[in-house]
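**Student:** Here's the letter readout for the chains.
Number of protein chains: 2
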Amino acid sequence: MKRLINDGYDVVEEMLEGYEAANKNYVKIDMENRVVVSKMMSEEPRVRVIVGGGSGHEPMFLGYVGKDFADAAVVGNVNTSPAPDACYEAVKAVDSGKGCLYLYGNYAGDVMNFDMGAEMALEEDGIRVETVTTTDDVFSAKEKKDRRGVAGDLPVFKVAGSAAAKGYDLDQVKAVTEKANDNTYSLGVALSSSTLPVTGEAIFEMDEGDMEIGMGIHGEPGIERRKVEKADKIIDEMLTYILEDSKITSGDEVYVLVNGLGALPVMDQYVCYRRVDQILKENGIQVHRTDVGNFATSMDMVGMSVTLVKLDEEIKELLDAPCDTPYYKL
Amino acid sequence: MKRLINDGYDVVEEMLEGYEAANKNYVKIDMENRVVVSKMMSEEPRVRVIVGGGSGHEPMFLGYVGKDFADAAVVGNVNTSPAPDACYEAVKAVDSGKGCLYLYGNYAGDVMNFDMGAEMALEEDGIRVETVTTTDDVFSAKEKKDRRGVAGDLPVFKVAGSAAAKGYDLDQVKAVTEKANDNTYSLGVALSSSTLPVTGEAIFEMDEGDMEIGMGIHGEPGIERRKVEKADKIIDEMLTYILEDSKITSGDEVYVLVNGLGALPVMDQYVCYRRVDQILKENGIQVHRTDVGNFATSMDMVGMSVTLVKLDEEIKELLDAPCDTPYYKL
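Chains as they are written, first to last, in the numbering used here: chain U, 87 to 416; chain W, 87 to 416.
What you were told as hints is all true, and nothing was included just to trick you.
The list treats identical chains as interchangeable, and a pair is accepted whether it falls inside one copy or across any two copies.
Straight-line distance between alpha carbons at most 30 Å, and here's what the computed DSBU-like set of lysine-lysine pairs gives:
1. K367 - K110
2. K231 - K367
3. K110 - K319
4. K415 - K367
5. K110 - K265
6. K231 - K252
7. K415 - K125
None of these hints come from the bench; they were simulated from the model.
Excised from the complex, chain U in its bound form:
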């Protein structure tokens, strides 16, 4: 057991208690529903951005609730969608008359429960809630719309938060967020499982020294399992997939996210980014801005992902707009 917790069944509640105490200037938490609410929402009525999903990906999702990014996060159990009631309560907690946008990674449980939350908000309170699911994981399905959401959540959510902060209406926020998602492509590689708090055991077996390109953040199967190779070779293969699939090509401009999955040293993340940057340059693709770090983790999984967002002027402006949250500040 390589975790520092108390009872594994209490881990989400205790994390939230710690989170609220540490970030009291940014958020208050409705502990009954596990809804993290910004204390920094604009006083003017705005579209509110509500993110969420299972726990175990911290600082995703709650770490991005603050000023001009997400207004609330709905927090599920570890690797488990939040309940419909909680999704609904989040709307009631933040709506200012302009409607809300639900934003989360495309997983069946989340889709079902957030959709029920949106229905309740409309039927009970007449609040309009729209949804964009992130679908950035290149290897998870052939059709873009069927793909899972992984670290691409970060830039897609950021675009939505900035658009809402600028006063876009709900249809406009939804449209630009969909455009950002359409332009966002990720692929990961994992070298280990994460450790489940309740059992203290790995979620799935993986031999020391093995790796799997394309593995999902909950251990969804990737391309194939094989021995770990040198970073440059792995990045070459990952970028080949991403560039071929995304059609991002010479003359395009991109935002790049190298995301650590929890237990990969920042040192290694930069060794990986070095090769990403070389490949993009070789292909005539211009890098506008880069983030490297642990933004969307799978607890203590060893691994990383690369995300490219193809930019246009609108997405670039929204991605770069100021924001202030505990884990993302611009």
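Chain U is fixed; fit chain W onto it per the hints.
**Tutor:** Only chain W this time, still in chain U's reference frame:
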């Protein structure tokens, strides 16, 4: 091997290449000397703050080079002090006529090499360089001045960077930085070694399920090795040591840093902070501000540390002053 690198001997150079490419708005890197230099230094002459030490603690040290924090970082090999020449080159790269302050954790190799760098700067160029070493690791020695520096580097460096930005002269920057260090107390717990890039092996042996309170970030021995306990029990023991040693007591105000050592989930860090916050409240100690995350790591070591900084008005103002670096923004 749970690392994503190329040749282990190239890891620092490749990390720096990746770092410069990703953070080109913040820094330029003298690759020959491995000196990371801010592109955001004040145009007015100011005392310059130079930090550094061995690699493997990222984002410490280079991650805090930017605006109004550190002006340069000198980067050694993994767990190895930078060379004297590099320490000297850092001074030449940033000095603006007001002198420089070297800041690093108190380790014999670093002390020797930075001292030689300071001598060269004085003899060759007449530049005055003063030094403050951080000595926050409660368990590492009886006398405060003999202790090692661990995550307390972050707040101590921040105080120095803010003081320099406000125009304090070299004696004043040094004095307030020494005061901050005198008020800074840390204690860590480790559940595993980190993995050395060159060998792919752990630095030291540690059985799965064991822990060691007081272990240093390079594996220096702690209090005793025993089976992992519940987080609350570990934090209770750690805080007992810190509060007894620091004499921080009812009525005092503190800054708190819960620092992940590399592979401990953020989730667990908040479970730990929850208990820290409870204990401080029970003791009548007021928490002014808290940071939770991976600020000073030991690559992929599983573990965390707690740092308390006892505040007065001056330290509080400097700790809270604005800054902009890739890994710390206020």
